[in-house]
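Protein sequences appear in the order of chains A and B.
For the first sequence, position 49 matches number 48 in numbering that gives the first Met the number 0, and the numbering has no gaps at all.
For the second sequence, position 75 matches number 74 in numbering that gives the first Met the number 0, and the numbering has no gaps at all.
If you are wondering where the hints come from, they were derived from the structure by calculation, not from laboratory data.
Don't be surprised by glycine CBs; every beta carbon is placed ideally from N, CA and C.
Hints should not be assumed to be uniformly reliable.
Here are the computed lysine-lysine pairs in the DSS-like style, where the Cα-Cα straight-line distance is at most 30 Å [said to hold, decoys possible]:
1) B:K219 x B:K92
2) B:K145 x A:K35
3) B:K97 x A:K102
4) A:K34 x A:K84
5) A:K35 x A:K102
6) A:K89 x A:K120
7) A:K34 x B:K97
8) B:K49 x B:K92
9) A:K34 x A:K89
10) B:K92 x A:K102
11) B:K92 x A:K34
12) B:K177 x B:K145
13) A:K35 x A:K84
14) A:K44 x A:K102
15) B:K76 x B:K92
16) A:K34 x A:K44
17) B:K219 x B:K76
18) A:K84 x B:K29
19) B:K219 x A:K102
20) A:K35 x A:K89
21) A:K44 x B:K97
22) A:K120 x B:K92
23) A:K120 x A:K35
24) B:K76 x B:K145
25) A:K44 x A:K59
26) A:K102 x A:K59
27) B:K190 x B:K145
Short derived list, chain B residues pointing at chain A, Cβ under 8 Å [as the list claims (entries may be wrong)]:
28) Q139
29) F141
30) L249
31) G252
Here is what each chain is made of, one letter per residue.
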Amino acid sequence: MRILLAIAIASVAWLASGLPALAHHSAAAEFDSNKKIDLSGVVTKVEWTNPHAHFYIDVKDASGNVINWNLELASPNVLIRNGWKRNSIKPGDMVTVTGIQAKNSPSYGSASLITFPDGHKLSFLAAEEPAK
Amino acid sequence: MNPNVSTRVVSGALFTVFSLMAQPPAPGQKIGTIGLYRNQQLAPIGPAGKFADGTPDLSGAWLGGGSSDADISRALKPGDQVVMLPWAEEVVKHRLSKEDPEANCLPAGIPRGSPYPWRIVQTPTHYFILYEGNIHSYRQIFMNAKHPDDPDPTWYGHSIGHWEGNTLVVDTVGFNDKFWFDYKGHPHTEKLHTIERYTRTDLGHMSIEVTIDDPGAYAKPFTTVGRATLMPGTELLEYICQENNQDLPLLQGPARGPGGQ
Numbered sequence: 000m001r002i003l004l005a006i007a008i009a010s011v012a013w014l015a016s017g018l019p020a021l022a023h024h025s026a027a028a029e030f031d032s033n034k035k036i037d038l039s040g041v042v043t044k045v046e047w048t049n050p051h052a053h054f055y056i057d058v059k060d061a062s063g064n065v066i067n068w069n070l071e072l073a074s075p076n077v078l079i080r081n082g083w084k085r086n087s088i089k090p091g092d093m094v095t096v097t098g099i100q101a102k103n104s105p106s107y108g109s110a111s112l113i114t115f116p117d118g119h120k121l122s123f124l125a126a127e128e129p130a131k
Numbered sequence: 000m001n002p003n004v005s006t007r008v009v010s011g012a013l014f015t016v017f018s019l020m021a022q023p024p025a026p027g028q029k030i031g032t033i034g035l036y037r038n039q040q041l042a043p044i045g046p047a048g049k050f051a052d053g054t055p056d057l058s059g060a061w062l063g064g065g066s067s068d069a070d071i072s073r074a075l076k077p078g079d080q081v082v083m084l085p086w087a088e089e090v091v092k093h094r095l096s097k098e099d100p101e102a103n104c105l106p107a108g109i110p111r112g113s114p115y116p117w118r119i120v121q122t123p124t125h126y127f128i129l130y131e132g133n134i135h136s137y138r139q140i141f142m143n144a145k146h147p148d149d150p151d152p153t154w155y156g157h158s159i160g161h162w163e164g165n166t167l168v169v170d171t172v173g174f175n176d177k178f179w180f181d182y183k184g185h186p187h188t189e190k191l192h193t194i195e196r197y198t199r200t201d202l203g204h205m206s207i208e209v210t211i212d213d214p215g216a217y218a219k220p221f222t223t224v225g226r227a228t229l230m231p232g233t234e235l236l237e238y239i240c241q242e243n244n245q246d247l248p249l250l251q252g253p254a255r256g257p258g259g260q
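Looking at chain A on its own, in the form it has when it is part of the complex:
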């Protein structure tokens, strides 16, 4: 848990500092670190692509309307080296996601932490440490 927390803190700090999400654009130009998001929903699609992996989740808003959010992760290259697999998150998974929102899109964000119903977590950069 301590490791998870460390990963979560590191990821949030990393996003907040706006360090190059992928070294191909300035994160500060795209995301507003003051617009926090906390979403729950079912994964509808995963794009295991560069320069960023993306996953999409259906989220019900306060009025009951379903919004399909597009959530960005680091690149598959970074994720793979940090323990993610291409199927670590899949369509049909129920997840809770915290992160920050894009400056000019109501349904686009950068996911800092993904929590699954069984409690395991994945971050923008890294997977949970394997059980030892």
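Starting from the structure of chain A, add chain B where the hints point.
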């Protein structure tokens, strides 16, 4: 070069590459973080190796060593300064983040760093730098050769290399004026001339100094300093930035560093 020596150098390079590929973590191999990457094998301690003919062996997957992606002026040789000519200062003021070629999946040029590993491949006549990032491209360095009189301007320019002791010196001219040195948009012109100096200081580290001389954009030359770290057991992965670059339409505002400065 004597063909036998050539064969030896190539064989040596290939042997080293395959040795690294095949290398399982040795007992007691230390694990740690390298750049963004956790639980990586750390480089064993030891002196840098040489091929049988005495050529320093620069093989392996390396991380870092380029200039600051955020702002090229952040890591300079002590006493050096980035002094732009007035027109260049004016250009930087008006550049937008979304115009950065790197954000458009175009080359980051020299010496802009990236968080992805890279590799040098040494053959008798050509050295190649393979980049995982920097748009997953490559550079070729013509060893002990001369620049053409009037090279066509290109993103990575025309590079020639030679050894000065244990330091590989790469001299490049013939750049176009398109890539940006950093997120802030530091520009350059076709007069850009870079001199890179690569020295493998020990088995796990490479010192990299790059002198930027562009009288078209800067009042005086300056030199960036960096240090690359070996990532044993790592192979380069595919990175096709053009495939799903959804960020571009979302990038807002003036060119600036990742922290917004």
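Checking against the hints above, which ones are violated?
-> 2, 8, 19, 22, 28, 29
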